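Quick note, the sequences are listed as chains X and G, same order. If you count the first sequence from 1, you need to add 5 to reach the numbering used here. If you count the second sequence from 1, you need to add 32 to reach the numbering used here.
It should be emphasised that the hints constitute simulated quantities derived from the structure, not laboratory data. Please read all numbers here as calculations on a predicted model, not as lab measurements. By construction, the Cβ of each residue, glycine as well, lies at the ideal position given by its N, Cα and C atoms. A couple of the hints might just be wrong.
To be verified - Distance ranges between label pairs, derived from CB positions:
no.: 1; chain 1: G; residue 1: 454; chain 2: X; residue 2: 447; range: 39 to 49 Å
no.: 2; chain 1: X; residue 1: 480; chain 2: G; residue 2: 457; range: 50 to 60 Å
no.: 3; chain 1: G; residue 1: 49; chain 2: X; residue 2: 64; range: 42 to 52 Å
no.: 4; chain 1: X; residue 1: 444; chain 2: G; residue 2: 49; range: 31 to 41 Å
no.: 5; chain 1: G; residue 1: 442; chain 2: X; residue 2: 162; range: 50 to 60 Å
no.: 6; chain 1: X; residue 1: 87; chain 2: G; residue 2: 272; range: 51 to 61 Å
no.: 7; chain 1: X; residue 1: 40; chain 2: G; residue 2: 166; range: 25 to 35 Å
Said to hold, decoys possible - The following residues of chain X were derived to be distant from chain G, with all beta-carbon distances above 10 Å:
no.: 8; residue: 48
no.: 9; residue: 59
no.: 10; residue: 90
no.: 11; residue: 174
no.: 12; residue: 178
no.: 13; residue: 214
no.: 14; residue: 293
no.: 15; residue: 412
no.: 16; residue: 449
no.: 17; residue: 472
no.: 18; residue: 480
Single-letter residue listing:
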Amino acid sequence: MPAVQETIDQVKAIDVDQYKYGFVSDIDSEKGAKGLSEETVRFISAKKQEPEWMTEWRLDALRRFQTMEEPNWARVDYPKIDFDALYYWASPKSVEGPKSLDEVDPELLATYEKLGIPLREQEILAGVEPKNRVAVDAVFDSVSVVTTFKEELKKAGVIFCSISEAIREHPELVKKYLGSVVPVTDNYYATLNSAVFSDGSFVYIPEGVRCPMELSTYFRINEMNTGQFERTLIIAEKGSYVSYLEGCTAPQRDENQLHAAVVELVALDDAEIKYSTVQNWFPGDSEGKGGIYNFVTKRGDCRGKNSKISWTQVETGSAITWKYPSCILRGDNSVGEFYSIAVSNGYQQIDSGTKMIHLGKNTSSRIISKGISAGKSSNTYRGLVSAHRKASNARNFTQCDSLLIGQDCGAHTVPYIESKNASAVFEHEATTSKISDDQMFYCLQRGLDEEGAVALIVNGFVKDVIQQLPMEFAVEAQKLISISLEGSVG
Amino acid sequence: MNMSIPINHTQAETEILSRFDAIKSGLVGSEAVSTLREEALEEIKTKGLPHKRVEEYKYSDLRAYMKSAAAIAGEADPDAVASVLNDAGNFGALERYRVVVANGRFVPEVSDVDGLAAEGVDLGDFNDLLACENGVDLLGSPKSAGSDATIALNTAFVQGGVVITVREGVDVSKPIELVHVATEQGAQVARNRIAVSKGAKLKVLETFAGDAGNGEINVVFDYDVADEALLSVTRLIVGQSAGARLFTSLARIGEKAEFKTLGFMAGPAFARNQQFVAFEGEHSEAKLFGVTMARDTALADHTLIVDHAVPNCNSREFFKTVLDDRAKGVYQGRINVAQHAQKSDGEMMTQALLLGEDAEMANKPELEIFADDVLCAHGATSGQIDEDLLFYLRARGIPEAEARTLLVLAFLSEAIEEFGEEDVTEELETRVRNWLAA
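One chain only, chain X, in its complex shape:
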């Protein structure tokens, strides 16, 4: 299997504290004042040339935030975040926005190149079937710099732009949907995000349109000490389909960085949204120093009948992950899916899972979660499946498996399964084990070395989820997993 061989090579080539994407690119950037205050919020809003209603919306969130307390129920442990010591705004100098790739700061392009973002796709992909194209909305420390493929998407009627542009250009859509899935007051970090969100993607798929390409955003945290507060809003009108890819890398740093994103998905009648994430932020070095704090609120609302939202995620990075991509199955016959691979190594702490809230009739959901913990990490699956009184014939199948590698790590499963409707059928199963001696023996006997055997077995363990990823991500994800597990094998 060539893929496996590649994985092994990758693992060998990289030491655990040599984070592949750990570099800092020196681009002049503009920062707002340090600290969280009304001025900061006004500053951000003014920088983004937002209308008055948006500024008010942010200020309202800030006032709410100041009355809230940090949640402490997750199984994660970190020093208290000093919100006043953070910068809430940083953007590359050229706010005007270059008109073509030539105008983009060459160093920025070099950074993208290291990250492997196919920004020059139009040239590279020339002659390739249009449906295989990927549109990239590159977010470089808070501001969308270049958006590719815009024209083609425009032809299809798809709006794919930065959220700040959407606020200016499509205020009616933003007003209608922003905060309708994740309310401003939803939770501590979502409220913070509502107050200070910097930028993010906005996607609108009109009725009956199948988005002609996979949409993709690469996030990258670059500025020292800057919180990254992304806000993503995806709306799929009746009968439409979109697949959205999100991938993240960040440079190596000593200080912890905060990331509190909010992602909202709205699927109307017969619409389908597929949201895939590969998250590979800096997890901290081999002593657990540094690393990103990732407190994300992701939620999809199957608002219409027969709608479907599918989350697929591969989590390999971040010092702390606090993330529960959820589906509200409001429309009758709607479907929610959650496929997840969470890999933790070193001193990483992951508390992640999903919520499937069945409100409509005949709704169904499926959860496949694979946790792999190694090193001294802690990996928790925390999930909720609930059927409300009117959710007759709701169905859920949950499978969460954990694999432990090494004796200093922890794997925990905390599922909440609440059925308030007799006709709801819920099935849940979970297992925790290590790689069995039998499996190892089998592989070793066939001439694989120990690392190769572990890589093979782990790949098999996560196969169910990898299969759900779009092609572009599947290969990358497999590599990431093996990189993440480096140092734990043997």
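Based on these hints, arrange chain G on the given structure of chain X.
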């Protein structure tokens, strides 16, 4: 986080605090015991009764349920105890010893003290031990229980109980029925200790008789299963009652020992059966079963934590719940595996059958694992009676009502049979049938 903010006490909480003052002077125990009781009460005073914002009581809101707190029941008259016992029909003709705790206090007059002594089983009054120098040790609780409110309530008010000690190597020929009797309405608070010495074997049937009215029944069972010993416990939590029923098992299991228990719940309006099981020796086994039936607006809660603190132990949890009307079933189970507890094997299963449209089941099967060489699994299902099975039976001429009964019985019997105590199987299955017929 906000411990310092004083809470507004509910009526029940106020009554709990005032009834403590009323009986304080008469409570048994050394100064250390008194201090412990005061501390436990302080816990209730500052935090109140547990409510849905307390994770462990998320689904069983005791604070909302307990509208008032009845006075502590007074000492029972042995004659009154005997008459209640005559009316109680638990386990019919089954040959057994009887040990009686009435209104929270051990009653040797109606217990088989001599018969048990002849077998090598000693009975003692919990209060006698509590009054001893080291008496305070009797009120300990495991770390995994944290500052549990049910245990705190018990510690503050405990009236007494029995201490059963099976001597080394004794295989007790008949089961012991440990029956708690209420001869008057009022709160019944007892704590019992059952110690099975090395190589000994004991079966216990825990039953409850009489009417405590609105008074809560709060009993803690402290099990000590020594090396190579076996303890089997069948607990019946049955009968209609308005007062909250709160039962706590604290089990410590030695080396190569076995502990198994079945909690049978049917009837009470609010019942919580919580178990904290800890392995202290290797190569031991714990099997926990639950059979639960609830209807009307009853709440039936099984909460347990199995602590694999040492390597090479097995645990099995198997819980079946049938809910009708607007009843609510709760299962919260957690398997902890400590870092050095390699080769731990834990398997947890909870299944619920919802008969009533408005019935509700909350399952929370948790795994908390810090060792890598383990095999742990859990499963949870909830749903209705399988229409295909029903069709199969009806196609064979079995009327619908009967077919349903058969299927529910089969569903629950799975746990009863797996528990494998043949002495009680028939009694339990009859009770299931009666519940279904009612």
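Each hint tested on the structure:
1. Taking 39 to 49 Å as the suggested C-beta distance range, the pair residue 454 of chain G and residue 447 of chain X conforms, at roughly 43 Å.
2. For the pair residue 480 of chain X and residue 457 of chain G, the supplied restraint of 50 to 60 Å holds, since their beta-carbon distance comes to about 57 Å.
3. Our hint of 42 to 52 Å for residue 49 of chain G and residue 64 of chain X holds, since their Cβ atoms are close to 45 Å apart.
4. Separation of residue 444 of chain X from residue 49 of chain G is about 59 Å and departs from the stated range, judged on CB atoms against 31 to 41 Å.
5. The supplied range of 50 to 60 Å is met by residue 442 of chain G and residue 162 of chain X, whose beta-carbon atoms lie about 57 Å from each other.
6. The hinted range of 51 to 61 Å is satisfied by residue 87 of chain X and residue 272 of chain G, whose Cβ atoms lie roughly 57 Å apart.
7. Our hint of 25 to 35 Å for residue 40 of chain X and residue 166 of chain G is violated, since their Cβ atoms are close to 58 Å apart.
8. Listed as a non-interface residue, residue 48 of chain X keeps its Cβ farther than 10 Å from every Cβ of chain G; the least gap is roughly 32 Å.
9. Against the 10 Å criterion, residue 59 of chain X stays outside the reach of chain G, whose nearest CB is about 33 Å from its own CB.
10. The beta carbon of residue 90 of chain X sits about 22 Å from the closest Cβ of chain G, which is more than 10 Å, so the claim that it is off the interface holds.
11. Against chain G, the non-interface label of residue 174 of chain X holds: every CB pair exceeds 10 Å, the least being about 44 Å.
12. Once the 10 Å rule is applied to beta carbons, residue 178 of chain X is consistent with being away from chain G; the minimum gap is 38 Å.
13. Even its closest Cβ contact with chain G, about 38 Å, leaves residue 214 of chain X beyond 10 Å, as expected for a residue assigned away from the interface.
14. Consistency note on residue 293 of chain X: stated as away from chain G, and its beta-carbon is indeed over 10 Å from all of that chain's, at 17 Å minimum.
15. The beta carbon of residue 412 of chain X is not kept farther than 10 Å from every beta carbon of chain G, the shortest such distance being approximately 5 Å.
16. The non-interface label for residue 449 of chain X is consistent with chain G: the shortest C-beta to C-beta separation is roughly 18 Å, beyond 10 Å.
17. Consistency note on residue 472 of chain X: stated as away from chain G, and its beta-carbon is indeed over 10 Å from all of that chain's, at 23 Å minimum.
18. With a closest Cβ-Cβ approach of about 29 Å to chain G, residue 480 of chain X is found to remain outside the 10 Å limit, as its non-interface label requires.
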